[in-house]
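Sequences are here, hints too, so could you generate the full structure?
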Amino acid sequence: MTTDRRDFIKRAAIAAATASGIGGSPVLAQAGAAQPSATAASPVAPTSGPQGAAPPSPRALDPALLRALGDAILPELLGDAGRVRAIGSFSTWLARYTPVAEEMHGYGDAEITYTPSDPAPGWNAQLSGLDLLARRKHRRGFARLGVPLRREIVRTQLARVSGSRLPSDPLAASHVAVALLAHWAASSEATDLAYQARIMKGNCRVLAETSRAPLPLATSGEA
Amino acid sequence: MTAPRVLEADICIVGSGITAALMAEKLAAERSATILVIEAGGHSTPLRERALRRARWMNYGETPWPNDHLDDQNALGTAYGFSPSMNVGGLALHWGGVTPRYSPEDFKLRTMYGVGDDWPISYDDLDPFYQEAEERMGISGEQGPPEMDPRGKPFPMPALPLSQNLQRLREWTGKAGIAMWSQPSAKNSVPYQGRAACQRCDTCYPICPTGAKYSPDFSFDALVRAGRIRLVTDTLVRRLHADARTGRITHATANATKQPEQVVTIRAKSFVLAAGFTWTPHLLLLSAGGAFPEGIANRSGLVGKYLCGHRNVGAQIRLPMKLFPGVNAQHSLVSKQFMRPGALSKYIRHDLRVWESSFGQEPRLRDDSGTLLLGDALMDDWRARTVKGTARVRAYYDVLPARESELTLDASAKNAWGDPMPRLQFRDAPESIALRAWTEQTIRELFQRMARAGDGEIISSASAAGDIGQEHPGGGCRMGNDPATSVVDRDGRSHDHENLFIAGAPTNVTASCCNGTLTFAALGLMTAARVGEQFTARSPRNP
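In order, the protein sequence lines correspond to chains A and B.
Per our numbering, the first sequence starts with residue -17, numbered consecutively.
Per our numbering, the second sequence starts with residue 473, numbered consecutively.
By construction, these hints were calculated from the structure, which means they are not laboratory data.
Some hints could be false.
[To be verified] Okay, the calculated beta carbon distance ranges per label pair: (1) B:Ser1011 x A:Leu197: 50 to 60 Å; (2) A:Ser170 x B:Asp839: 21 to 31 Å; (3) A:Asp91 x B:Arg1013: 42 to 52 Å.
[Claimed, not checked] Far from chain A, some chain B residues (derived; all Cβ distances over 12 Å): (4) Ala475; (5) Pro476; (6) Thr583; (7) Arg623; (8) Ala716; (9) Val735; (10) Val736; (11) Arg739; (12) Asp839; (13) Ala874; (14) Asp900; (15) Arg924; (16) Pro945; (17) Glu1005.
[Stated by the list, open to error] Listed next, the stretches of chain A that the computed footprint assigns to chain B, with coverage defined by at least 3 CB atoms under 8 Å from CB atoms of chain B: (18) 130 to 140; (19) 174 to 183.
No residue lacks a Cβ here, since even glycine has one placed at the ideal position from N, Cα and C.
Right, dumping it as structure tokens:
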């Protein structure tokens, strides 16, 4: 296949994914496709992080609903600031995602594969689905519910998500709630909190310190 | 119509992977000869862009080596172990930098154990070239027990330090009666040859962002800058042409991949094929015609035969010790205890490696009862499972190749010029077929014994899948003393063509039970020494 042909297939796949809104909410499909309650036009401000060099894209999730979701499902021990960071990092990660980019073909693997289509339309639809359910059951938007009620709605939506493991790759998540958790859990900060030590997984670090046990976290509270 | 292009040199090296890089370095340093390196692909990610490419890979799984292959050059069949990488640096751009040597037994399996075939060289013959490869690449290593880990000289760099995780795991394997030490690696433990020390970024495979891991493009960049070689990229060598009377290779023909109609003719006194276990025999078979109807270098009919590799058995063992996975995740312990078993009543040889692991400690969406974990409940569940540690263990074991373990031309898939693509088929020799189940069971019993020694338990076990291919593959142009049973001699020179040399992986008779790259490179250096004999030594008067 020539490079031109590959580029054509890539462009066509992006167009098809955008048109179909893949991963769309089954709730919306049943309820007649209500629109998101807040505009999706303004991306969440990027936060710092090793996201790479790709230019920002207009891809974004409804910031109010995403924040409401994150506050409901991310660990409380992160604190408000920690959850904001985690949500911002997820948004930045999504904004810089490039669908149908060539994936690593592995050491000794003949197959060339490509990254999945844009997940944002489906994830936005799922956020809208959470909002729609909140309005139907509680006569208030999802973001205006308390955390227990928000969790109840999330549990309802994730009942059909099978498996016990969080995917290591957010792009493998079938629901935006799982994607947000997976993205946070894959971070170096989350691992450090779990092991309560400054491992700094995935960061380049001084070789000489390899031999010592990682330092304990200063506190086991906020990240 | 694009004008034909003619390239001339004393030595033409086809391919620019790790074997080619070290050969070019050696020949350029030692001989007064013009050296031409021909690469079918182009340049991939330069060092200055590797940190950003690493970030894209970590975040999104994007390849750090975009466009490192030609879309219509790929292998068919049981292609696990094969990579389509075609670029300056070859597959070794994304190697893990793990550099064990084969053991002395590997070179005399028939004599010692009555299985497989002996090589025409011994470990001692190869030792100086192992050393040279280690010094040229920069290997950090720990001398294992001398009776298990023989070597003529010390490693060029101190070992990568063991993490606290590996220190604790080494205490555990000691209780199981297994001696283990720091895995030799092409990663700088100290600054070396202008490159920085490793910063344990944990992405050696697939990309080192700092240059601490040896990469063949470093050699090529330096050689080109110094004017010691000519590197021609984007040029696919498609045929070798030999004189019907003398057998000498007169020239090669190629096509420019970005101008497919442009024919490139390459003339050289000596040709070296360093294009790996797939593309080297592929080119020889494609070159069939005239006085050589079975292909170049193929009077024995063995070009493409005896592809070799190995398989593995692995397990995850949970142990009652706190470990911190992620400290230096790609570095491991290694043992050659089972590669050097002494006398055997039934043949089995394997290596053994141990890594830190986070298996079984990953964050979960649901607990064992199926309850969804949200908020602090997720973190509480995660923390509770970090109290114990996990060791990943793996053993590569010997697989002896059948003659029918082979590469053939498959006319059902052709490239832009109509050349049939290679089809790979790995087949075990009868003795390996007979031993396979017992070998894997014996290794699993070893893992059980290791688990018991640490009051641990095996929480996962797996064997390399079926017949999808083999790991660290080589062969296809095996070396030997007898032209009837081998393709090249002990130095990699074709039995049929006095100025044709085959370097590295394809010349392997068997593939040992450990990573092969260092051995491929050492064999290439041995071949380079022979190639160089035809040319004047460099000196101050003869630079």
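Going down the list of hints, with the structure as the test:
1. B:Ser1011 x A:Leu197: 50 to 60 Å: holds, 56 Å
2. A:Ser170 x B:Asp839: 21 to 31 Å: Check passed, 24 Å falls within 21 to 31 Å.
3. A:Asp91 x B:Arg1013: 42 to 52 Å: holds, 50 Å
4. Ala475: holds, 23 Å
5. Pro476: holds, 23 Å
6. Thr583: holds, 31 Å
7. Arg623: holds, 23 Å
8. Ala716: Holds, since 36 Å exceeds 12 Å.
9. Val735: holds, 19 Å
10. Val736: With a cut-off of 12 Å, valine 736 of chain B remains clear of chain A, as the shortest Cβ separation is near 20 Å.
11. Arg739: Per Cβ check, arginine 739 of chain B is outside 12 Å of chain A; nearest 30 Å; holds.
12. Asp839: Not fine: 7 Å to the nearest Cβ puts aspartate 839 of chain B too close to chain A.
13. Ala874: Holds, since 20 Å exceeds 12 Å.
14. Asp900: Holds, since 18 Å exceeds 12 Å.
15. Arg924: The assertion about arginine 924 of chain B holds, with a minimum of 26 Å to chain A.
16. Pro945: violated, 8 Å
17. Glu1005: holds, 34 Å
18. 130 to 140: holds (count 4)
19. 174 to 183: holds (count 8)
Checked against the numbered hints above, the structure violates hints 12 and 16; every other hint is satisfied.
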